[in-house]
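Engineer: Same order as they appear, the protein sequences are chains A and B. Just so we're aligned, residue 1 is where the first sequence starts under this note's numbering, counting upward by one. Just so we're aligned, residue 1 is where the second sequence starts under this note's numbering, counting upward by one.
It is worth saying that the hints were derived from the structure and are not from the lab. All of these numbers come straight from a predicted model, not from anything done at the bench. Each residue gets a CB set at the ideal place from its N, CA and C atoms; glycine is no exception. There may be inaccurate statements among the hints.
[As the list claims (entries may be wrong)] Partner residues are not named here, just some residues of chain B that face chain A (Cβ under 8 angstroms, in silico): (1) 48; (2) 66; (3) 149; (4) 153.
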Amino acid sequence: MILRPQLKDFKIIGFYLGKIVLGLAIFMVFPLVVALLIGEIGPMYDFICSFLFCIIFGVATHIFCYTEEEPKWSHGMIVVSLAWILLSIVGALPLFLSGHFNSYLDATFEAMSGFTTSGLSLANDLAHMSYAHNLWRHLTHFIGGQGIVVVILTFFVRGASGAFRLYVGEARDERVLPNIRQTARFIWGVSIIYLILGTTCLAVVGMLEGLSVHKAFFHGVCIFMAAFDTGGFLPQQQNALYYHSLPLEIVSMAIMILGSINFRLHYVLWTGQLNEIRRDFEMVTFFSSVMFLTALVTLGLIRMNVYSGWVTMFRKGFFQVVSAHTGTGFQNIYPVQFMHEWGSLALFGIIFAMALGGCANSTTGGIKALRLGVVGKSFINDVKQYVSPESAVFFQKIHHIKDMILSEKQMRAACMIMLAYLGTFMIGGIVGMLCGYPFVESFFESTSATANVGLSCGITSPSMPNILKVTYIVQMWAGRLEFISVFALIGFILAMAKGR
Amino acid sequence: MILKRIQNKSFLFLLWLIFLSVSAWWSSPVWCDELKIDKINDIIENANDIDGQKVTIQGEVIGDVMARKDHVWFNIQDESGAMGVWATGQLAEQILVTGEYSYHGDWVEVAGTFSKADKELNGEVCVRAEMVDVLRRGHLVDHKVNSAEVNVALILSVLAAALLLLRMVIERR
Numbered sequence: 001m002i003l004r005p006q007l008k009d010f011k012i013i014g015f016y017l018g019k020i021v022l023g024l025a026i027f028m029v030f031p032l033v034v035a036l037l038i039g040e041i042g043p044m045y046d047f048i049c050s051f052l053f054c055i056i057f058g059v060a061t062h063i064f065c066y067t068e069e070e071p072k073w074s075h076g077m078i079v080v081s082l083a084w085i086l087l088s089i090v091g092a093l094p095l096f097l098s099g100h101f102n103s104y105l106d107a108t109f110e111a112m113s114g115f116t117t118s119g120l121s122l123a124n125d126l127a128h129m130s131y132a133h134n135l136w137r138h139l140t141h142f143i144g145g146q147g148i149v150v151v152i153l154t155f156f157v158r159g160a161s162g163a164f165r166l167y168v169g170e171a172r173d174e175r176v177l178p179n180i181r182q183t184a185r186f187i188w189g190v191s192i193i194y195l196i197l198g199t200t201c202l203a204v205v206g207m208l209e210g211l212s213v214h215k216a217f218f219h220g221v222c223i224f225m226a227a228f229d230t231g232g233f234l235p236q237q238q239n240a241l242y243y244h245s246l247p248l249e250i251v252s253m254a255i256m257i258l259g260s261i262n263f264r265l266h267y268v269l270w271t272g273q274l275n276e277i278r279r280d281f282e283m284v285t286f287f288s289s290v291m292f293l294t295a296l297v298t299l300g301l302i303r304m305n306v307y308s309g310w311v312t313m314f315r316k317g318f319f320q321v322v323s324a325h326t327g328t329g330f331q332n333i334y335p336v337q338f339m340h341e342w343g344s345l346a347l348f349g350i351i352f353a354m355a356l357g358g359c360a361n362s363t364t365g366g367i368k369a370l371r372l373g374v375v376g377k378s379f380i381n382d383v384k385q386y387v388s389p390e391s392a393v394f395f396q397k398i399h400h401i402k403d404m405i406l407s408e409k410q411m412r413a414a415c416m417i418m419l420a421y422l423g424t425f426m427i428g429g430i431v432g433m434l435c436g437y438p439f440v441e442s443f444f445e446s447t448s449a450t451a452n453v454g455l456s457c458g459i460t461s462p463s464m465p466n467i468l469k470v471t472y473i474v475q476m477w478a479g480r481l482e483f484i485s486v487f488a489l490i491g492f493i494l495a496m497a498k499g500r
Numbered sequence: 001m002i003l004k005r006i007q008n009k010s011f012l013f014l015l016w017l018i019f020l021s022v023s024a025w026w027s028s029p030v031w032c033d034e035l036k037i038d039k040i041n042d043i044i045e046n047a048n049d050i051d052g053q054k055v056t057i058q059g060e061v062i063g064d065v066m067a068r069k070d071h072v073w074f075n076i077q078d079e080s081g082a083m084g085v086w087a088t089g090q091l092a093e094q095i096l097v098t099g100e101y102s103y104h105g106d107w108v109e110v111a112g113t114f115s116k117a118d119k120e121l122n123g124e125v126c127v128r129a130e131m132v133d134v135l136r137r138g139h140l141v142d143h144k145v146n147s148a149e150v151n152v153a154l155i156l157s158v159l160a161a162a163l164l165l166l167r168m169v170i171e172r173r
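Please take these sequences and the hints and turn them into a complete structure.
Structural biologist: Below is the structure:
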């Protein structure tokens, strides 16, 4: 029997949603201060209005939905799934007010793309966008990548068990430290240290490559947030092409890889156990996959005779594989060049890399290296079982932070999420084709949206049909939450309609 | 009978050939006019066809002029897209204003050779400029503050203050 949700359930959900929107308001202060300091008065009012709207929403929900009950598992899942939608709608407010978007839907698309660290963009004329708005675009990557819920855990949630339920709902099922609040603080602490180091490094390279000092720092912080959080936005429409800089691309690649590593592994590395990189099953799977797909893409490019010289081949092929595999979506070629020049084999490699994604419990999207490895292991296990005597029993052991034996449940869960991703890639592809786009382009863009990558072959533009914009918004959202919270929300809606 | 069948097959084969020829003719690029490069996006869309050819493009200089030894990189944009330009420092000297939030950049005409992956420049998609001409000087943009937005901000701040006060009263009780 399905139970119809009661008023107290709505109160819990509303109460935590309000806290999350209040958390968003805190982040809006950064672009607001930037706008004030550099005299961008119009953008400053955009952020004042948006900030006040968040405060009103947050305080109103606190008054009307006040509860001292801790959220249960279902509440955690529903809060998280609704929070990402709400954040995108509210986070779109300053973007829409900037005047760089054709409609509120486009601004919501941009915000969802930012928060989910996808990087697909519908902005018009980025070259003339204010620094404050551009900073906000990149800040959405940072907020979403580190997990907005993690922020709430750090500042607002009192009970540890309720906090963990929210944390898991955001597709992060591994605690870095025993205490969930310590985990959240570790994630933010590490991210801020990386932010300072990465920004400085990028700014120095930017200055050496001819950017003025203040622009080098602005671009540095934007590139860092987009690369470390495997986002994909950049301050200019040409994306990575704008800089014409191989050194900047190399530094970006290092940051992208850093961002796609499991946060638990970051912790282990921070404690000095550097050999874990070589031993960790997920890292081995990830790097093997990057190497295999780089070889495949290079073969495809050689076959099509696209680039002459190994430097160019490395710069274009390897960069795009790393960008796709880590789920970042930086592009150092024009979107149409994928379709016009790269050929089927290289394109297949890129689509495959996008679908796989980086490591679990990181900022990347996609199926994830851990699941790919687990599914591979379970396949080998099954084959062994079939060719051996019936009484034989096999175990699959992996080393992921610590030695562990793969359980049937883990293998089934990995297969289920993988199937959900494949199904979503397909649905988006079909909608793309229904809108009149060719097969390969439709699947390329659909995979990019679902796996939160942000590479585009040219479909994503302000002129694409609204139905496709909505489809990609849903795909980015579902892909970021890895479906479980989405299923919980669907269950909740069904319970509202059919429960007793 | 057999002859008739062969004849039929030949006829079908002939029909198939005609179908293929018509399809090929229909999709043939012969239909296309000579490549017309008006916009930057035309170059990007037809990169394979015009790789290594001379092009002339116009656009606003955006962002930064990035000095690299005796050359510079700058980017120009029109309503269709943006393109990188590799020019000598001397050619780029005349660019004074670049486009950003507060400025409309210089509107320039660039003539040069387009490369879809310039080998000497590590595979850059760019135009190697032979001529840069400033057609229209860039200028400061006066962004006016929207008075309606200021009013909305005032109303929202009053509302937010009222709600915060209400919350404080409720919590004290």
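Engineer: Run every hint past the structure and note whether it holds.
Structural biologist: Against the structure, the hints:
For residue 48 (chain B), the shortest C-beta to C-beta distance to chain A is roughly 6 angstroms, which falls under 8 angstroms, so the interface hint holds. Taking 8 angstroms as the C-beta cut-off, the interface hint given for residue 66 (chain B) holds, the closest approach to chain A being about 3 angstroms. Satisfaction of the interface hint for residue 149 (chain B) is found here, the shortest Cβ-Cβ separation to chain A being roughly 5 angstroms, below the 8 angstroms cut-off. The closest approach between the C-beta of residue 153 (chain B) and any C-beta of chain A is roughly 5 angstroms, which is under the 8 angstroms cut-off, so the hint is satisfied.
Comparing the model with each earlier hint shows no violations; every hint is respected.
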